[in-house]
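On the provided structure of chain A, position chains B, C, D and E as indicated by the hints.
Here's the letter readout for the chains.
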Amino acid sequence: MAITDRVREILSWYGSDSPGTLTNLARMLSAGTLGGTGRMVILPVDQGFEHGPARSFAPNPAGYDPRYHFQLAIESGCSAYAAPLGFLEAGAREFAGQVPLILKLNNHDVLYEEKDPIQAITGSVRDALRLGCVGIGYTIYPGSTHRLDMYTKLRELAEEAKANGLVVVVWSYPRGSGLSKEGETGIDVTAYAAHIAAQLGAHVVKVKLPSAHLEQAPAKKVYESHGVPVGTLAERVRHVVQSTFNGRRVVIFSGGPTASDEQVYDEVRAIRDGGGFGSIIGRNSFQRKQPEALKFLGTIMGIYAGTHK
Amino acid sequence: MAITDRVREILSWYGSDSPGTLTNLARMLSAGTLGGTGRMVILPVDQGFEHGPARSFAPNPAGYDPRYHFQLAIESGCSAYAAPLGFLEAGAREFAGQVPLILKLNNHDVLYEEKDPIQAITGSVRDALRLGCVGIGYTIYPGSTHRLDMYTKLRELAEEAKANGLVVVVWSYPRGSGLSKEGETGIDVTAYAAHIAAQLGAHVVKVKLPSAHLEQAPAKKVYESHGVPVGTLAERVRHVVQSTFNGRRVVIFSGGPTASDEQVYDEVRAIRDGGGFGSIIGRNSFQRKQPEALKFLGTIMGIYAGTHK
Amino acid sequence: MAITDRVREILSWYGSDSPGTLTNLARMLSAGTLGGTGRMVILPVDQGFEHGPARSFAPNPAGYDPRYHFQLAIESGCSAYAAPLGFLEAGAREFAGQVPLILKLNNHDVLYEEKDPIQAITGSVRDALRLGCVGIGYTIYPGSTHRLDMYTKLRELAEEAKANGLVVVVWSYPRGSGLSKEGETGIDVTAYAAHIAAQLGAHVVKVKLPSAHLEQAPAKKVYESHGVPVGTLAERVRHVVQSTFNGRRVVIFSGGPTASDEQVYDEVRAIRDGGGFGSIIGRNSFQRKQPEALKFLGTIMGIYAGTHK
Amino acid sequence: MAITDRVREILSWYGSDSPGTLTNLARMLSAGTLGGTGRMVILPVDQGFEHGPARSFAPNPAGYDPRYHFQLAIESGCSAYAAPLGFLEAGAREFAGQVPLILKLNNHDVLYEEKDPIQAITGSVRDALRLGCVGIGYTIYPGSTHRLDMYTKLRELAEEAKANGLVVVVWSYPRGSGLSKEGETGIDVTAYAAHIAAQLGAHVVKVKLPSAHLEQAPAKKVYESHGVPVGTLAERVRHVVQSTFNGRRVVIFSGGPTASDEQVYDEVRAIRDGGGFGSIIGRNSFQRKQPEALKFLGTIMGIYAGTHK
Amino acid sequence: MAITDRVREILSWYGSDSPGTLTNLARMLSAGTLGGTGRMVILPVDQGFEHGPARSFAPNPAGYDPRYHFQLAIESGCSAYAAPLGFLEAGAREFAGQVPLILKLNNHDVLYEEKDPIQAITGSVRDALRLGCVGIGYTIYPGSTHRLDMYTKLRELAEEAKANGLVVVVWSYPRGSGLSKEGETGIDVTAYAAHIAAQLGAHVVKVKLPSAHLEQAPAKKVYESHGVPVGTLAERVRHVVQSTFNGRRVVIFSGGPTASDEQVYDEVRAIRDGGGFGSIIGRNSFQRKQPEALKFLGTIMGIYAGTHK
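Chains as they are written, first to last, in this note's numbering: chain A, 1 to 309; chain B, 1 to 309; chain C, 1 to 309; chain D, 1 to 309; chain E, 1 to 309.
Remember, identical chains collapse to one label, so a pair may be satisfied in a single copy or spanning two.
Below 25 Å or equal to it, Euclidean Cα-Cα: the simulated SDA-like pairs (lysine to any residue) are:
1) Lys289 <-> Asp266
2) Lys208 <-> Glu113
3) Lys220 <-> Ser260
4) Lys289 <-> Arg238
5) Lys115 <-> Asp149
6) Lys295 <-> His226
7) Lys220 <-> Ala234
8) Lys289 <-> Gly247
9) Lys115 <-> His51
10) Lys115 <-> Ser180
11) Lys208 <-> Ala270
12) Lys221 <-> Glu50
13) Lys208 <-> Gly38
14) Lys220 <-> Pro61
15) Lys221 <-> Gln47
16) Lys115 <-> Lys181
17) Lys181 <-> Ser254
18) Lys115 <-> Gly183
19) Lys115 <-> Glu50
20) Lys220 <-> Glu114
21) Lys181 <-> Glu50
22) Lys221 <-> His51
23) Lys289 <-> Thr299
24) Lys181 <-> Ser260
Think of the hints as simulated: they come from the structure by calculation, not from any bench.
The structure presented is a predicted model; accordingly, all values stated were derived computationally and were not measured.
Just chain A, same shape as in the assembly (with noise of 0.2 Å):
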């Protein structure tokens, strides 16, 4: 596996971590299309567990079949494959080596649906190793009131994962009494949510697309005071990314369900100019018949690569 100079350099940014940490995250940066770039593109399938079976996998039932999730990852050339325990074993040992895995460590259902949401702990570090994982993949909920209990947990399962040489993939969803509805993508918000993954030590960080919107009146008054550019959506990457350690941790994206393929291709050409790490799509890509999700997410591997508009 070689190494670009722009993977050696995002590398350079994690000096407390060990050879092997270091190794798995190279592993992530090389894999598939945008292999080498700084990009990536992460297919994560935890919808079975977060919304149901027929909710995530009735529009293309191919998708009940934990193997397809598997095969789309690889053959898409996409960075990483993500999913709990469950999924991760059904595939782990047929495609052993052909994608990197990152174990979810805690997953959440919708059969009681609560203000302040936290979520179980449904797999472990040594599950990620037994299974070849690059990585761990752990959520917290920022604005629950369980939030300091998530970031506590986390801490633990980092500090395990660190010193069994795993990459930390943190998704940082703001949630709960603390937020608005609409607080919840505030771009406020989601810089706080941001940093403080990255205060946990996250090696990836990954967040919701935000809004204009200015959710807690002190963050406001600082926001305009200074100015902070945040009209536009690159502008608003770019000030996630500044608050992730400013751009000296990786931070990838997810939208929320879209109109459209071409608002995803915009919303990927922001997260490019904002200087955003990639992308993380799941039901976008697999709710689709196979070959409509490569073209899909070819198109956005290529507004990544620079190799399409």
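Just chains B, C, D and E, lined up with the frame of chain A:
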């Protein structure tokens, strides 16, 4: 112990498990009347704990004796016998090696009835090993406010069980304030519950036979818009099997208290036709006299084996 | 220590236990006046903790001294003496080897009275070992909202006790908001409580003598439709014994505060006639002067031994 | 270190303890002015933590310095000095070997005042060992809704302390919503609190001097019907000593803030006459200038030793 | 590294600590501009976590880069740099050995605001060791209903830190429903908070500069009756130093957001004159451009060193 091609095929779905766990899974799939067919009938006797001894055993007082159930499981040709610690301790030496045993690791009583139930931990992986069990059993209650704690604990026990070469059998029973009474057996909820159990790393999943009810509005919308066929019981079984990694995890079914044996047989036919892997039959078998129980279980196994219509 | 056939028979029911545990169980069954008969009378003195010292010992102030109870148990020929940590520590060296000891591992006081009680952990398996005990004692409160936590903790302690060759004695006392006051000693609830203790792995189960009250509607229906005989005290004892693995676990009984010695003797006759394994007698023995206590306990043992009508 | 017969007698009550623990108990009983008499006066200085530094030390500012209390304990001939971690760490090297030390393992402040108090764990058995202490101190609040958790934690710490040859000193202070304000020092409650501490394995029990108040109705009935003498302070001390294993555990007493030295001396006389083992005297000693404190403590010790009336 | 007499004197106060911990404390006291004087200025940068990135760094966007703060601490001659895990991980290799580091082990955000705050555990002693830190930092909130849990956890971490030769720095910040807003910085509460931190085993205590407000009635009475001088800021600093083991523990102070640099300098003069050991200065330094920050910090250090009036 000769392994049939069908058993070999089923074992092939568990590529992340150790030879030790596959050995024990093969033992369950090769035991009893249905050994080698890929179908299973399991005898569970935890009703004494769950509902009290008289409600469980007064109809057939032979069942007060823990040895009775070992004998019933052996003589009827069941694939395995599952029970709490005390019942297994009371016969494991006498019947050692005669029937695969599953130690139920958690249990609940009805001396206090909670809106949002959870279970006590009543056995350990070490207990299962010292009693010669092939696997552990564990109940989760998706829909309960305690569900995330139950998932977290299951994961810990499952990791330990797998590290010790045991099979993990999960009873996934939706209950609690997140669901209506009707919703507990709704097809969307049942399929979701089976999927969660599989994602948590279960090798064998046990759910109740689902009704055509659709509980959750966003799910209902998907079932209807995508025309997921759930009109007949066989279709619903098929959908649950599909939702459990597209048939690559063993799913078995229990009925509730039913009106007549014929109804049970019809349910078994639906499970068979829908691609289900078998039944778990407790009260309906041990609450009748042994000769009738043997005949009843024999008929069910015959339906699965194809020797009975 | 010669083992009688009856003791040998009782030991045969515990096929999953180690020779170490059987040795200690044999010690209890072979000690004192009733040694070898398969019946037991145990002296428990935890009332100082449970109700306070004056309420316990003012009627017979010799009982303030922890040595008194060792002497009483030894001189009266009890099968074992059970007490909390402090009381055992205060005499275990002086009376080493003279009477089987049971360390009560949890206790409760009445300086705050909860609707749903739980107990403090007040001793450990290691304490029991260093004090030379044959077993541990543990109380559960089926019916309390805390019962599942109590079961979970009992299981942990029982596993450790068994791994160290100790006997597990469970006080199963229904209490809490799941039950009416009358229900706490109802026959359905008592039989259920004894069954739960056995399922949790108890070697010896202790319950209160049940009344004819039927607490839970679904149980009442079964008792009535199946004509389970619970009219006389002996019948109710027989039903509890049946509910505890059909007599294959040792079940002993306590009465409440009773009006006269004759009433106690009648209760003992009912336990004997119903197939119960003996009595646990605290306040009724140590709250009278020693000569009277010896006579009283002697009469009870005589009823069990058949030397007293 | 020569051991007197009286000390030897006291040690004989602790037959279940290791030579290591007896050695440390002998050190306390042999230290200072009262060494060898079987009586003790302990200096406790946790008021800085419990009430704040100014309320504790402004009356005698020399007490802000942690060394002051070591010196006071040594020069006054106290049997031991008890304090939280920080205060002991600040002098343990300088005064090593000059006075027996007791590390208080839990503490409470009044910056928030709960109806049902509990304490923070503020030291460990390992801390006690590295600081050269003879024992650990621990407070329980019988009457608080948290009491059972406090007992459970005490038991764990006591087991560890005993395994390491340390003495266990328990402050048993009834408080919380189970008791009226007057009830906290009622004789029934105080005797009960002392009994609980002894049952939990304490070697030395510390309670407040009890009033004649009887808090709990069932206890009141027993005290009255059996004519338990609790009319004078000496009688009440005698009853507490009786309730603590009939005098076979060391019980010491603290007073509250009192009006005059003569009152304190009278209390000490009552403790002496009632068979109490001594006093624990904090604020009343360190809040006056050292010469007065030495004189005050000297008088108290003289009363216990019989050299002062 | 030569040790001055003053540093040697300070080290002598920590007689219960290991040479390892003294070595690290000596490193802090010997580093930077104030090295050897016994005074310290520490740069803390946890505001990104505590208030969000924009509120922290928009005023001086260089601060988004974690390397900036290492450089600022080094170039300004600070005694140490304290930050959460992520910020330290991002520079510890590059700046290894150039400035003593303190890993902040707990943190809090404002995405949900509790009446009674607690913090998440965000780092470990092992993290501090692998990053080459001289010590750990930990915040407690005396006055919060969660304070006792925070003390308990601090004690565990402090014991582990000391066993590994690290220094323990405690941020003692009164907050929560036990206190009025004004009371959080009242002199009685501040002195109490500093005393608690020292009792919990802190080597270095950090509090806010206290106001003359007296929060608690019993304390107010004592301050007034004993005429404790708290009228001027220097007097209040002196009282806090006195309350922290009479000056035998290092106490440093932070101000709040202040109106002018001159006010800060006046506060520093008061700390100096009152016998305080230094300042911890975060926002006031890193929120201005580096040249101004260096000048500002230089002036403060000059006041402490006596080279600036």
